[in-house]
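Chemist: Protein chains in written order, with our numbering: chain P, 7 to 406; chain F, 192 to 618.
Since the hints were derived computationally from the structure, they do not count as laboratory data.
These numbers were taken from a predicted model, which means no experiment stands behind them.
Virtual Cβ for every residue (Gly too), placed ideally from N, Cα, C.
There may be inaccurate statements among the hints.
Unchecked claim - Some chain P residues close to chain F (C-beta under 10 Å, calculated; not the full set):
no. : residue
1   : L333
2   : A337
3   : H338
4   : A390
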Amino acid sequence: MGAPMDLPPAMTARATSGFLDGDDLLAAVRTIAQGPLAEVAPDCDQKGVYPESVLRQLGAVGAMGVHHGDRSALGQTAAADFGLAIRAAAEVSRVCGATGFMLWCHQVCGVYMEQSGNPHLGGKALSRHMQGLTLGATGMSNPMKTFAGIEQFLLRARRDGDAWVVNGTLPWVSNLGTDHYFGAVASVEVAAGEPAHEVMFIVHCNAPGVELRNCPSFSAMEGTNTWAVRLTNYRVDNHNLIAHPVRPFIGRIRGAFVLLQTAMGLGVAQGAIDSMWKVEQPLGHVNQFLEDRPDELQGELDALTERIMRLARTPYESSNSHLIEVLDVRAHASELALRAAQSALLHAGARGYLMSSDVQRRVRESHFVAIVTPALKHLRKEIARLSQPVMPAVDVLEPA
Amino acid sequence: MSRLEFRQFICRACGLIYDEAQGDEDSGLAPGTRFEDIPEDWACPLCGVTKADFEPHDPLPSPTLLGARSARPLGRGAQAASQSPGAGRPLSPRLKRPAGVVVVGGGTAAWSLVEKLRALDPHRPMTLVTACSGDRYDKPRLSVACKQGVQAAQLVKERGIHAAQRLQVRLMAHTHAFSADAHSRMLRTTRGTFQYEELVLAHGSAPRSCPGLPDELAWRINDLRAYSGLRTVLAVDSAARRTVLIVGAGLVGCELANDLALAGHPVTVLDVADRPLAMAQPEQSQALLSAWAGLPIAFVGHAQVQQARRLGNGRTALELRDGRTLEGDVLVSAVGLSTPSQLARSLGLDWADGIAVDPQTLLTGVAHVHALGDCISLNGRAQRFIEPIHRQARLLAARLCGEAVETYESAPPVVRVKTSSMPLTLA
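Make the full structure from the sequences, and use the hints.
Modeler: The following block contains the structure:
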């Protein structure tokens with residue numbers, strides 16, 4: 007299990023220090039993923055072991071900060087590199103989908119903090135966040151689904167002078183801990199006739215009015231530290247405000263949010279293809295009768311990765327056509343992860359069906375890739391909505 | 192048991208159902224506990240949200256296996272495809288299931304190709320993927336139908352679902368195709384990914400956007416849905432008279448102006464040029480203007496749109512760059528068409544104001560990918576007329592069947608301007 011997949015042992019043992027960039031960063035991430043992460047992945051999947059030290063190591067080499075515009079916290083002068091952040095996260099998901107998911111949670115929380123323009127969330131706080139010295143997450147599933155017309159807001163905010171007071175419960179938020187924080191949205195209570203609007207903010211898990219409650223068991227990824235979060239009169243003010251109003255902010259970051267997520271699908275698919283090659287020598291003579299062979303899947307994955315890298319050059323473009331492409335590659339990554347994980351299980355046969363096998367774990371991880379917000383069905387619904395021409399309303403004129 | 196029936200409540204977050212009859216003994220709620228009697232601090236036993244996040248739940252009757260089709264209106268099969276929009280819910284696509292010849296589009300070009308191909312090959316599997324219902328109608332009638340008092344439904348010559356049955360084609364209605372890969376021959380759509388044997392792009396063009404005229408304010412009459420919406424705001428079935436502003440005095444703009452004026456609505460037509468139908472001979476424009484003299488149509492030339500905005504009374508103000516402002520009940524944008532390039536780009540097709548195909552062979556240059564109708568361009572010029580479509584469809588159908596293909600002749604079409612007050616023919 008812990009054996010590295012494509013690195014010489016000397017390299018996996020190499021100590022990494024300092025923040026890295028480009029291929030050096032990818033090599034360091036691979037070293038962490040195929041070393042300590044591979045060791046803990048089965049327990050993270052089944053036994054609820056939270057791979058905190060691995061996450062901290064990923065932060066220490068720079069994997070949590072390269073997608074930020076100001077990289078001085080990492081001692082770097084280069085511009086934001088979403089492509090590199092995605093490739094790094096894909097290397098993590100290739101070994102452990104749960105940890106890849108948590109890395110995304112943290113990366114996208116950094117996007118909220120940076121794009122908020124709030125000096126309390128930028129500056130020193132963002133600097134520590136980018137280095138993985140503090141850990142963040144995202145409670146945006148419910149608001150994203152609400153904006154897409156699928157759910158209703160679970161958090162409600164009441165104006166209190168210059169601040170807001172928030173109540174409600176989010177059912178499951180991942181990558182939490184007592185000293186962690188995450189981005190969330192509440193609908194603001196308005197008087198009749200006033201337009202509906204929302205407020206977006208950071209929730210500090212150790213702040214007054216925040217209670218973490220146990221979640222039921224999931225079929226995989228138990229070590230993601232996923233909790234229900236109940237807010238009771240939780241206070242939002244200048245110190246933790248991300249956006250008000252929220253909708254223009256979401257419009258700006260939505261593409262980046264979804265694009266960073268593609269790393270999970272890419273990584274899980276790559277991990278599945280890796281495991282097919284591992285059994286090619288002994289089982290190739292019979293596996294040749296299967297569809298979705300590793301070389302075919304690799305070709306599709308490489309083409310998809312190339313497309314994602316192209317889109318990653320303009321992560322904050324907000325045109326409809328760009329957003330449709332981003333949703334398309336996210337959907338494609340889900341479909342490919344599902345097919346690759348399924349095919350890897352068929353390639354491995356009984357040995358892949360053992361509870362200790364990463365092959366069957368990856369099948370369950372691929373299900374997560376396809377159901378986590380935005381799920382495959384949500385992506386298609388949203389593409390359909392964005393593709394539908396907008397028409398004027400028919401009821402605006404007074405009756406003739 | 193209570194006299195009132197027990198009810199069910201569903202958790203909006205995780206879907207857990209609280210059934211009053213069963214209670215929730217793990218959290219101390221005895222069977223029969225009414226929802227309103229549950230303490231406010233009770234939490235969903237599955238996901239932890241509070242009582243306030245539950246809502247009443249009326250379960251659907253569960254279908255029996257045999258009755259599944261009738262019990263579930265969204266079921267599979269052509270019969271289930273419905274009569275209303277949102278509907279036409281077609282067979283579910285199966286991932287990578289070979290879909291034969293896949294045609295993208297639901298207009299004249301798409302159906303014409305399907306008809307001609309079916310005539311040549313009774314057994315070829317075909318799938319038609321269209322963003323609309325696939326209902327068949329003559330698009331040119333959209334700009335002349337208001338006067339005739341024709342409702343949108345009456346313009347439909349044949350429902351898409353009936354045409355699909357007649358021609359034995361699998362119809363994926365209300366389905367958007369958004370990208371394709373020529374190497375793996377996959378078409379990605381909002382209802383799944385298809386593997387195609389041959390792909391035919393017949394998705395036509397879309398109304399061009401005009402800066403300053405947001406889609407929420409300006410009607411762009413290029414399909415039945417928009418036509419139907421326009422009829423509603425014009426209240427054409429009442430005696431109401433709405434003032435209409437039409438931006439663009441090309442073919443469609445002039446035809447619409449003529450049609451709406453004859454239906455009794457005062458119309459102002461604007462264009463950047465100094466005359467309507469600027470692509471025609473000056474004397475033809477003059478003849479049209481003379482014919483309009485007896486109708487409530489005003490033409491405003493040299494008009495460059497600055498911006499449109501909605502007024503408090505629901506009317507629309509249109510500001511021009513030279514400072515003039517016009518006001519009307521209804522704003523129509525008719526500034527031309529452009530071809531969506533998304534699918535063509537993903538396939539790596541040559542592009543020149545449309546999918547650039549060889550003028551003699553109509554070949555796209557990418558194996559197994561074909562195109563016809565409004566979405567193609569010949570020698571860099573888009574083709575937006577009905578007449579050539581049937582010849583293109585005949586040629587492509589023959590090619591798809593491996594038959595000898597004659598050379599395509601791209602004669603410039605004769606265009607009739609259906610301005611009934613002064614019908615014109617443009618050569």
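Chemist: If a hint holds in the structure, say so; if it doesn't, say that too.
Modeler: Against the structure, the hints:
no.	hint	result
1	L333	holds, 8 Å
2	A337	holds, 7 Å
3	H338	holds, 7 Å
4	A390	holds, 4 Å
Every hint from the earlier list agrees with this structure, and none is contradicted.
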